[in-house]
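Trainee: Here are the chains, one letter per residue:
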Amino acid sequence: MSSRKIVIDPITRLEGHGKIAIILDDEGNCLRAYFQVPELRGFEKFLQGRHAEDAPIITPRICGVCPTAHHTASVKALDDLYKAPPPSPALKIREMFYNLFMLEDHALHFYVLSGPDFIVGPDAPRAERNIVGVMNKVGKELVLRIITIRKRIRKMMEIIGGRTIHPVFGMPGGISRPLSIEQVKEIRALADEALSLSLITLEMFKKIVLGNKSYLQLIESEAYTHRTYYMGMVDGKNRVNFYDGLIRVIDPKGREIAKFHPSKYLEHISERVEPWTYVTFTYLRKVGWKGFIDGENSGIYSVAPLARLNASEGMATPIAQEAFEEMYESLGGRPVHYTLANHWARVIEMIYAAERVKELSEDPEIESKDIRNTNFSEPSVGIGAVEAPRGTLIHHYETDENGVIKRANLLVATQHNAARISLSIDKAARSLIRKGEISDGLLNMVEMAFRAYDPCLACATHEYGSMPLSFYLYDQRGNLKKILHPNG
Amino acid sequence: MNKLKVAWYWCASCGGCEESFVDLSEELVEFFESADLVFCPVATDFKKEDVERLPDASVDVALINGGIRLSEHEEMVKLLRRKSKIVVAYGTCSSWGGIPGLSNLYNKEEILRAKYLDPPSINNPTHAVPAERTRLTKLGANLELPAFLDSLLPLNAVIDVDYYIPGCPPTPEVFKNALKALISEKLPPKGSIIGASDKSLCDECPLNSTKPEKILLKELKRPHETIADAKKCLLTQGLLCLGPVTRGGCGALCIKAAMQCTGCFGPLDGIADYGGKAISFIGTIMDYSPAEEEELERAYSKIKDWVGVVYKYTLPASKLGGRVRREKTKRQEEAEIDE
Numbered sequence: 001m002s003s004r005k006i007v008i009d010p011i012t013r014l015e016g017h018g019k020i021a022i023i024l025d026d027e028g029n030c031l032r033a034y035f036q037v038p039e040l041r042g043f044e045k046f047l048q049g050r051h052a053e054d055a056p057i058i059t060p061r062i063c064g065v066c067p068t069a070h071h072t073a074s075v076k077a078l079d080d081l082y083k084a085p086p087p088s089p090a091l092k093i094r095e096m097f098y099n100l101f102m103l104e105d106h107a108l109h110f111y112v113l114s115g116p117d118f119i120v121g122p123d124a125p126r127a128e129r130n131i132v133g134v135m136n137k138v139g140k141e142l143v144l145r146i147i148t149i150r151k152r153i154r155k156m157m158e159i160i161g162g163r164t165i166h167p168v169f170g171m172p173g174g175i176s177r178p179l180s181i182e183q184v185k186e187i188r189a190l191a192d193e194a195l196s197l198s199l200i201t202l203e204m205f206k207k208i209v210l211g212n213k214s215y216l217q218l219i220e221s222e223a224y225t226h227r228t229y230y231m232g233m234v235d236g237k238n239r240v241n242f243y244d245g246l247i248r249v250i251d252p253k254g255r256e257i258a259k260f261h262p263s264k265y266l267e268h269i270s271e272r273v274e275p276w277t278y279v280t281f282t283y284l285r286k287v288g289w290k291g292f293i294d295g296e297n298s299g300i301y302s303v304a305p306l307a308r309l310n311a312s313e314g315m316a317t318p319i320a321q322e323a324f325e326e327m328y329e330s331l332g333g334r335p336v337h338y339t340l341a342n343h344w345a346r347v348i349e350m351i352y353a354a355e356r357v358k359e360l361s362e363d364p365e366i367e368s369k370d371i372r373n374t375n376f377s378e379p380s381v382g383i384g385a386v387e388a389p390r391g392t393l394i395h396h397y398e399t400d401e402n403g404v405i406k407r408a409n410l411l412v413a414t415q416h417n418a419a420r421i422s423l424s425i426d427k428a429a430r431s432l433i434r435k436g437e438i439s440d441g442l443l444n445m446v447e448m449a450f451r452a453y454d455p456c457l458a459c460a461t462h463e464y465g466s467m468p469l470s471f472y473l474y475d476q477r478g479n480l481k482k483i484l485h486p487n488g
Numbered sequence: 001m002n003k004l005k006v007a008w009y010w011c012a013s014c015g016g017c018e019e020s021f022v023d024l025s026e027e028l029v030e031f032f033e034s035a036d037l038v039f040c041p042v043a044t045d046f047k048k049e050d051v052e053r054l055p056d057a058s059v060d061v062a063l064i065n066g067g068i069r070l071s072e073h074e075e076m077v078k079l080l081r082r083k084s085k086i087v088v089a090y091g092t093c094s095s096w097g098g099i100p101g102l103s104n105l106y107n108k109e110e111i112l113r114a115k116y117l118d119p120p121s122i123n124n125p126t127h128a129v130p131a132e133r134t135r136l137t138k139l140g141a142n143l144e145l146p147a148f149l150d151s152l153l154p155l156n157a158v159i160d161v162d163y164y165i166p167g168c169p170p171t172p173e174v175f176k177n178a179l180k181a182l183i184s185e186k187l188p189p190k191g192s193i194i195g196a197s198d199k200s201l202c203d204e205c206p207l208n209s210t211k212p213e214k215i216l217l218k219e220l221k222r223p224h225e226t227i228a229d230a231k232k233c234l235l236t237q238g239l240l241c242l243g244p245v246t247r248g249g250c251g252a253l254c255i256k257a258a259m260q261c262t263g264c265f266g267p268l269d270g271i272a273d274y275g276g277k278a279i280s281f282i283g284t285i286m287d288y289s290p291a292e293e294e295e296l297e298r299a300y301s302k303i304k305d306w307v308g309v310v311y312k313y314t315l316p317a318s319k320l321g322g323r324v325r326r327e328k329t330k331r332q333e334e335a336e337i338d339e
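In order, the protein sequence lines correspond to chains A and B.
Residue numbers for the first sequence follow the numbering used here, beginning at 1 and rising by one.
Residue numbers for the second sequence follow the numbering used here, beginning at 1 and rising by one.
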C-alpha cells in the first residue's frame, strides 16, 4: 500500500507552533488527519520546588497573549491553598481587571484575527482578509477608534495589574495594593467607552454577518458542526461568569450532566496522552475516551465562547442577555454545535465583559483600602479556575507546610479543545481531499475552523499577512514528493 | 534610507514578546515605514525553504525570542545566523533562558514524567510519552515531532549573538530604543545589551528617594506574608526586591503595583552571573555580626527557594547552569579521565 503523508507546518500557536499531518490512501483520499502540537516547556515540573506565591509570576509565561488568565487562576489557587478568601473589594477589583482583559482580548480576536473572515468576507482574496481589509470595509476612522480604545484598556490594565503582559498584582488573599481615587476615576471614564466599543461591534456583526445569508449558511454548514459536550463556568443562576463559579457541563442535547466546584475537577476530567503530539487531550472521565469521534458516547467536549454560552442559561447583564437570546433564536436553540458560531458568542461575551466592567467600576467598594486577607491556614492543596478567553483554565498546586510546591497540574483551554480541533481538521481533510486533489478550499476551511477556537494561532494569519500553511506530500517511507503553497 | 530587512523567529516563547510588539499600536505604522519583515512565523507566511533560498547575510537583522528547547529551534536559529548580518537575542528568554530556563533544574525524563505520567488527571495505562517518531501501523505512515532537548539553552549557547534586548517582555519603549540603536550610523559594540537603561532599576524607581544610603535587614519576608507599604522602598521592608542588581528600562512597573522587582531585565553590564551577584548583594545588607552566624542562618532560612528567587530568569546562562548541565559536565570530565 502506498499511503502518502501531507504535513501542514507550521500552523502556529497557542502554546507555540502547530502542525497538521494528513495521511492519504492509494487513491489519494484522506484516511486520517492529525493535529500535532510540537511544543513543550515543562511548567508542571519546574514549578516543583518554587515558592507557591511565585506561581502567579511564573505561570503567565505559559502564554503571553492570555497571561491574565494564568495569573488569575493561579492567584485563586493560592486563595484556596491558604484558605484565605479575599475581602470583597479585592474580589471586585480582580473581577473588573479580569473582565477588562476578556474584553480587549476578544476585541483583538474579533477585529484583527478572526473577524476579517466575516467582515471582509470568506470569499474575498486572501490578501485582503486582514486588518487593512477590515479598515477598507468599515472605515479607517472606526478602526483607529477601536485601536485607541483597546490601547487605553491595556493601559488601564497596566495601572491595575502592574503590567498588561504578565501582571503581578494578585496575591493569596487579595491584591497587592488598593486603587487610588484618580485610578478609580479613570476606570469609570473608560468603562463607558468600553461598553460603546462592544455595542459598535455587535451592530457591525449584525449588519455584516447576519445581513448576509451566505455567511449564515456557512456557520450552519455540516463541515463546521460537531456534536460534542460543552463546558463553562456559571454563577448561581447558571449564567456565564468568567471569574468565578461552578463548572457546568452539558451533553450534545443540551442536558446538564455535571455541575461541580473547580476543586472537584479530577472527578470529571481526565487527560489522554498520544505519542504523536506534545499536547494532551482532556475528556469527560465519566463518559470516557472513545477516540476522535463526536456524539454522546464520546467524552470529547469543547470550551471557549460558544461552549460557555451553551453550558449556561443566559448572561448576567441586560444587553448581553438580549444578544444571547437573539443568537439562540436565530440558530435554532441551545446547544449550538456550529464551531463558527464562536465568533457570534465572542461578541456577546464582549458585551457582557463591558457591562460587567461598568457595573463593577460604579461599585463604591472598589475605592476601599480593604484589599488583603493575610489570615492564612497551613498550606497543602490549592485549586483555582477561571474562564480564559479560550476556555476553562484550572491550576492545581500541592505544597509542603512552607508553601513550597511539590506538585502542579495545569489544564489549559487548548487541551480541552484539542480533541475537538482534531475532529475539525479530520472532517475538513476527509471532505476536501479527493483523489490526490487538494482543493484550495481545504486551506480556507482549516484556517477558519482553527481560528474559531484559537486566536493565538490566528496571530499567524491576519496580523500582517496570510496563513502560513504549506502542504508537504510524503510517500509512506517519508520521502518528500511535493510541496504545495496554496498562497502563491 | 533603505528599509531594514528584519526576520523574526520565536523559539520556546510564550508570545509575550510578540504581544508587546503589537502594543506599539499606532506606532506600528512607523515601524513598517523603516523596516520590512521578511520572515516572521507569527505574522507572515512562514516557509523555511524561503529562508533557505535567501542569499547568506542578506537579512539585516534577525530578532530571535524564546530559549532553545527543541531540535527545531536549534536548526532554525543556525539557519537564521547564516542568513543574517546581525542577530539579536530578543527578550530575556533568548538572552539568558528566562522562566522556562528553570526547567534546567530537572532532566528530560523528569520533565516528561511530570507532564505525561504523574499528573492526577492523566489516564495513561500504556505509559505513552510523546516520541520523535510514531509509527501508525494501520495507516503505514510515521508522525514526527521535533526532539525535546536535554536542557534549555540561551541563544548564545547555540549561535553567535550580536546584541541583546532585555525584558520579559521588552516594553514597546525598549523595543523602539533598540531599533534606533540598530539603524543608527554607528552600531553599538558587539555583545551590547541595547534598548534598556545602563543603570540599575533603583535609578528609575519612584521609591528610590525613600531608600537609605545603607540598607540593613534583620529579617527577610516572602511577599505574601506582608502587606507592603506602597510608598516605601520595598527592600527596606524586608522584601527581596532585586532592583539594585537588575537593569532598568522597564519603568519600574512592578514596583508601581507594590510588588518587588523579580529581575526580568537581567544583569547590569559586566555582570556574568545575575543570581550570584544578587546573592552577594543580599549578603551585604544582612545586619548581623560575624558572631551572629546562627541568627543570620535563621534569617536566610526564611527563603525556601533561593534558586527561584535569584535565578528566576537567568539560570541557563548562570555559572551554575542548572543540574542538567552540571551532570553533563561531570560525565564529560569522567570520560576524559577514562581516556
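Note that these hints are calculated values from the structure, not bench results.
Hints may contain errors.
Beta-carbon label-pair distances, calculated as ranges [as the list claims (entries may be wrong)]:
1. VAL132/A - GLU185/B: 49 to 59 Å
2. GLU292/B - GLU359/A: 50 to 60 Å
3. ILE271/B - GLU362/A: 47 to 57 Å
4. ALA131/B - TYR328/A: 41 to 51 Å
5. THR374/A - ASP50/B: 38 to 48 Å
6. LYS180/B - GLY291/A: 26 to 36 Å
7. LEU187/B - ILE293/A: 55 to 65 Å
With a straight-line Cα cutoff of 27 Å, these simulated DSS-like cross-link-like pairs (lysine-lysine) come out [as the list claims (entries may be wrong)]:
8. LYS211/B - LYS232/B
9. LYS232/B - LYS185/A
10. LYS155/A - LYS277/B
11. LYS330/B - LYS302/B
12. LYS231/B - LYS190/B
13. LYS277/B - LYS302/B
14. LYS155/A - LYS85/B
15. LYS231/B - LYS85/B
16. LYS3/B - LYS140/A
17. LYS180/B - LYS151/A
All C-beta atoms in this analysis are idealised placements derived from N, C-alpha and C, irrespective of residue type, glycine included.
Trainee: Going back to the hint list, which numbers does this structure go against?
Mentor: 1, 5, 6, 10, 11, 12, 14 and 15
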